[in-house]
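Let chain L serve as the given structure and place chain S with the ligands on it in line with the hints.
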Amino acid sequence: MEPQQVDTLTGVLDKKMTRQLKQYLDICARCAICKDACHQYVATGDLTYLPARRAELIRQIYKKYFTKTGEFVPALYEARDPDESLLDELYESTYACTGCRRCMYYCPFSIDTAWILSVAKAILIAADRGNEMLGQLADAALMKSDNFDMFRDIILDGFKDIEGKVKEMTGDPSAEIPVDKEGADVLYVALAGAHSILPAAAIFHEAGTNWTLSMFESANYGYFFGDAEKARRIADRFMDEAKRLGVKEVVITECGHAYRVAQFFHEAWSGEKHPFKVRHILEVIDEYIRDGRITVRHGAITEPVTYHDPCQVGRNGGIFEQPRDIVRAIASDFRDMTPNREEQWCCGGGGGLVAIAEMEDFRLKSGAKKLEQVKATGARIIASPCENCRLQLEGLNDQLDLGLTVKPVMDLVVDAMEIRR
Amino acid sequence: METYLYLTSVVGVYIGIGVFVVGMAWRIYQWSTTPKSPVRLGLFPKPATSTGRGLKMLKDTFVAPHSARIEPVMWGFAFAFHVAALAALIGHGRLVVEYTPLVRLLGGDGMSTFAAWSGGTAGIVMTVAVLFWIARRTYGPFKQLSVPEDYFLLFLLLGIIVMGNHMRFLGHVPVETYREWFQSLLVFRPVMPAEIANSNVGWSLGTHMLFVNVFLVYFPFSKLVHTIGAFSANLVRSE
Ligand code: HEM
Ligand code: SF4
Ligand code: SF4
Chain L
1 MEPQQVDTLT
11 GVLDKKMTRQ
21 LKQYLDICAR
31 CAICKDACHQ
41 YVATGDLTYL
51 PARRAELIRQ
61 IYKKYFTKTG
71 EFVPALYEAR
81 DPDESLLDEL
91 YESTYACTGC
101 RRCMYYCPFS
111 IDTAWILSVA
121 KAILIAADRG
131 NEMLGQLADA
141 ALMKSDNFDM
151 FRDIILDGFK
161 DIEGKVKEMT
171 GDPSAEIPVD
181 KEGADVLYVA
191 LAGAHSILPA
201 AAIFHEAGTN
211 WTLSMFESAN
221 YGYFFGDAEK
231 ARRIADRFMD
241 EAKRLGVKEV
251 VITECGHAYR
261 VAQFFHEAWS
271 GEKHPFKVRH
281 ILEVIDEYIR
291 DGRITVRHGA
301 ITEPVTYHDP
311 CQVGRNGGIF
321 EQPRDIVRAI
331 ASDFRDMTPN
341 REEQWCCGGG
351 GGLVAIAEME
361 DFRLKSGAKK
371 LEQVKATGAR
381 IIASPCENCR
391 LQLEGLNDQL
401 DLGLTVKPVM
411 DLVVDAMEIR
421 R
Chain S
422 METYLYLTSV
432 VGVYIGIGVF
442 VVGMAWRIYQ
452 WSTTPKSPVR
462 LGLFPKPATS
472 TGRGLKMLKD
482 TFVAPHSARI
492 EPVMWGFAFA
502 FHVAALAALI
512 GHGRLVVEYT
522 PLVRLLGGDG
532 MSTFAAWSGG
542 TAGIVMTVAV
552 LFWIARRTYG
562 PFKQLSVPED
572 YFLLFLLLGI
582 IVMGNHMRFL
592 GHVPVETYRE
602 WFQSLLVFRP
612 VMPAEIANSN
622 VGWSLGTHML
632 FVNVFLVYFP
642 FSKLVHTIGA
652 FSANLVRSE
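Those protein sequence lines, which keep their order, are chains L and S.
Residue numbering for the first sequence follows the numbering used here, beginning at 1 and increasing consecutively.
Residue numbering for the second sequence follows the numbering used here, beginning at 422 and increasing consecutively.
In isolation and in its complexed conformation, chain L is listed as follows (with noise of 0.2 Å):
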């Protein structure tokens, strides 16, 4: 090991520490009651995974370079350099965390294993050793931002094709898909691709919002990555746009760990209180539906409904019920998992884990407790909103040929609605 290297990698520790992440690193009692919330621990028995024991490679740097104690008398600690073993280990346990946070709701003194490791990938990309495929994803973002002209006719003309949907959908040929409206008062950001924007424009259509459609999407590699400035410029690509157009307020698609960026992040990072509110789309179309600006047929499904709350939106963001009452107000029969809310198992798709192909076996095989879960309901449809936790629900379904439907929640609504002539 190199003591530049080591001088580089402990810098990042120095800068990245906070009050926070000083107390977790301290008062870890290594009891391991955390194990058993992980569900990738829960599902493998492999202590690579065990949630104290992520944090405990990020302690043993600490120790060493942080406390006297340490310096003096590592091996009381373990502590060690962070060499070559050291970080393979670290990039192992890492990239594989979802962020569900789940061992920090069991945790007796809270300790956020995800915080302790969003550092640890801080260090990880210093040394070069950042997820390939999550920085390019997260690069290829800020790439479009970049490079907005040469993508801007691209944008547009997919969005057209989604306009023609649109207006198909809801019998109304003036229906449209508003882009760069100054004095909208909603901008939705959805994610790439029409799935996620087709229902929200036909509900905005319905609800008659005056709304205007982001260019860019709401998802974040930069935030999977770990790279906090990126992930600050992925996120500014829409904010900037929101503040431009002078809206009342940025309404997230379903996807979960956006929503948390733009509602509990961005504005740390950037040092600004945003001019606009921060909403999830389900709390808003709840809203439509209680105030009768949308109308649902109740019934309108009648076979068996589950709700799976992402962690990012649930336990991380606080939208339990808004859901709930939504999928209510549709499905004749609707069956909560147990355990649910903010003690609902993770599914195993967040983290980005999705995206990376050499983690599917591994991704799959820790979904093992929602399995359960999902098929102690009996239910035949699950509503889930994250786009991650869809993709690792539908792999679960194919890989064991269940025959289930997995639906983000606004397809429910749109299928359920009264379109008004």
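Note that these hints are calculated values from the structure, not bench results.
Among the clues, some could well be false.
Stated by the list, open to error - Pairs of lysine-lysine, DSS-like flavour, derived with a Cα cap of 25 Å: (1) K365(L) <-> K467(S); (2) K181(L) <-> K277(L); (3) K273(L) <-> K457(S); (4) K369(L) <-> K457(S); (5) K64(L) <-> K457(S); (6) K457(S) <-> K68(L); (7) K181(L) <-> K477(S); (8) K467(S) <-> K277(L); (9) K477(S) <-> K15(L); (10) K365(L) <-> K564(S).
Values in this document were obtained by computation on a predicted structure and should not be read as measured data.
What follows is chain S with the ligands alone, placed relative to chain L:
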């Protein structure tokens, strides 16, 4: 024996308490001068008011209801240990000053019986909990998670508790005599009553104190700073 007791139960106590106080102050100073993360790390659901958050933090810290749900057995031992440790700490307060109102209430003999029972129970509970923890660490499937620090602390605790139990169950030195020794330390005119030195528990007091002093010296540099850190970390949960 006199030298052993002088080193462990006079000089050592000053060192132990001194390092403990300065070390903990240093730890708190370090924490409070490190800037907080601007990102809010709270989990949902969380109370809307700061009073609500404060109360939730106290409940999360003292009762740890979530931990109880996921690993009830471990929680049971941990809860029992901490309550017993608190009881023992309160019991040790008699070395500083007699709890006169309680003595008046129970009578002299009653107080002794009460102390014998409560102290004895706390001692046994702590012994069992520490043995459970050692076994859990040694035989659990996650045993590689433990580092030497964990065993060092647990064996120190075991040493302290066993020696304490020895004095409690096999000694005949009355509390007044111990108090004479401890109060003399507090006024910096240390004396070690011959009654203790010459009894069957002289060496066990010495060894009890030896372990206690090492424990106190090490405490601020160990994971046991969770005694303070638990409160602020659990508050972050609701922010
Ligand atoms: C008030 C909130 C506290 C909580 C939630 C808490 C929780 C815990 C937990 C979960 C363990 C892990 C046991 C293990 O597997 O080793 C532990 C150990 C321990 N705690 Fe606490 N504790 C608290 C306060 C205290 C206090 C005030 C003391 C003061 C003496 C203390 C002393 C210890 C000791 C001596 C151990 C065993 C050390 C070891 O396992 O190495 N704790 N505590
Ligand atoms: S539950 Fe918390 S204190 Fe216990 S080992 Fe896990 S992270 Fe550490
Ligand atoms: S955040 Fe989730 S995936 Fe990551 S260690 Fe904790 S429980 Fe496991």
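Does the structure break any of the earlier hints, and which numbers would those be?
Of the numbered hints, 1, 4, 7 and 9 do not hold.
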